[in-house]
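The opening position of the sequence shown corresponds to residue 39 in our numbering, with each subsequent residue numbered one higher.
If a hint is listed, it holds; no wrong ones were tucked in.
Dumping the calculated BS3-like pairs for lysine-lysine here, alpha-carbon to alpha-carbon at most 25 Å:
#1 K72 with K98
#2 K83 with K98
#3 K83 with K46
#4 K72 with K95
#5 K83 with K72
#6 K95 with K83
Read the hints as simulated data drawn from the structure, not as lab findings.
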Amino acid sequence: MQVVDLLKVLADDTRLRVLMLLRDQPLCVSQIQKILDLPQSTLSKHLAKLREAQLVKPQKDGKFVKYHLVHHYLVNVLLYDIYYEGKEEIFDQDRAAIVDFEDMLTACQECLAHEKTSSH
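Build the full structure now, drawing on both the sequences and the hints.
Now the structure itself:
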């Protein structure tokens, strides 16, 4: 991929937010969708462009597909140091949403486990 093409992929706030979310940990599509409040079809298009640019990679994790960064260095240096400045509040809210989503997912898993043991 040529530099111009890579910059076109990075010239979108939503894709940059996805990359910043994945900076800390891999996330499944539903987590990213919920955090960014996007329709699944819109997010899929953004993830496809990020995959084509070889910036993210999907990995099967049980029933889910989690996305992770391919080039942590690019995100850490280019995006975090340059793009993050002035947008701290947005990214801090996104990070907080990850924690909220994980808490909700844990509660759902515990509830499902309880239902399974209660029905036997």
